[in-house]
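Novice: Sequence:
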Amino acid sequence: MPSARRRMLYVTDLAYPARGRRYCDEDVFLTSRLREDFDLALCHPREAVALMDGFDAVVVRNSGPVLEYPEAYGAFRAHAADTGALVYNELTGRGDMAGKQYLLDLTAEGFPVIPTVDRPQDLDRLPAAERYVVKPKLGADSIGLEIVPAGRARELADGSVLVQPCVDFSYEVSFYFVDHAFQYALYAPDPERRWELQPYEATGADLEFARRFIDWNGIGHGIQRVDACRAPGGELLLVELEDLNPYLSLDALSDERRDAFVGAMKASLHTMFRRA
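Sequential numbering from 1 applies to the sequence shown in my numbering.
No false leads were slipped in.
Quick list of simulated restraints, FRET-style, between CB atoms:
hint	residue 1	residue 2	range
1	Gly20	Asp255	20 to 26 Å
2	Cys166	Arg5	46 to 52 Å
3	Leu14	Phe111	34 to 40 Å
4	Leu67	Pro149	25 to 31 Å
Please keep in mind that the hints were generated in silico from the structure rather than gathered at the bench.
Ideal Cβ placement from N, Cα and C applies to all residues, glycine included.
With the hints as extra help, turn the sequences into a complete structure.
Specialist: Next comes the structure, spelled out in structure tokens:
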């Protein structure tokens, strides 16, 4: 007799107005394919706690920045911990899942990241620049981001924001992983058009760079996106480690690469259930 199909609650905000992206299209596609292997229902992140006990696992996908519903997100994490619920991505992430503190931690540990500080007395540790990027520690999706001169950066650095030199990068590139396995890379040739993405052929050095952050994060099951920029000296620097609900830009992939990603995600979910 075949084993019973697993029941999954798929958490998404289909109406979230993401700039330059259509979350809803991606989730409609993904859920249509995941239903080949699982029984699945969708819900808004504010409804997750009320519904999740009726399912074998919760998949958090394009649910929008959690800063828009912090109490509901906190309740979700607490309930998952109390009940031992399976959550995909697992809730142990040290990247964006936990705020932006990791950029300070990685800077202090000497990782290849855009240098980041949060206090005025530490600004001298940053490379000299005419302009600085200031963004909230709890920010997401560029909400609250400002580009300011040095004097203004010193005024704003009160511990609640991050301050970085404004890097004149060549392009941004993102590396996508399922669990610890690399899937594909996309890049934005025009820095002014972040979400006009094209396939990127990652080199061995590129993947070594990206895997350092995947290994550092230590997530066992889930989807992660390593966002980087190509600095003036040619090196890659981390911009963001998205480990909560990374948008996947599946519409920028070929049919073959998209099918391969779906296969990897299904295999990851099946493995999660077996190990549980």
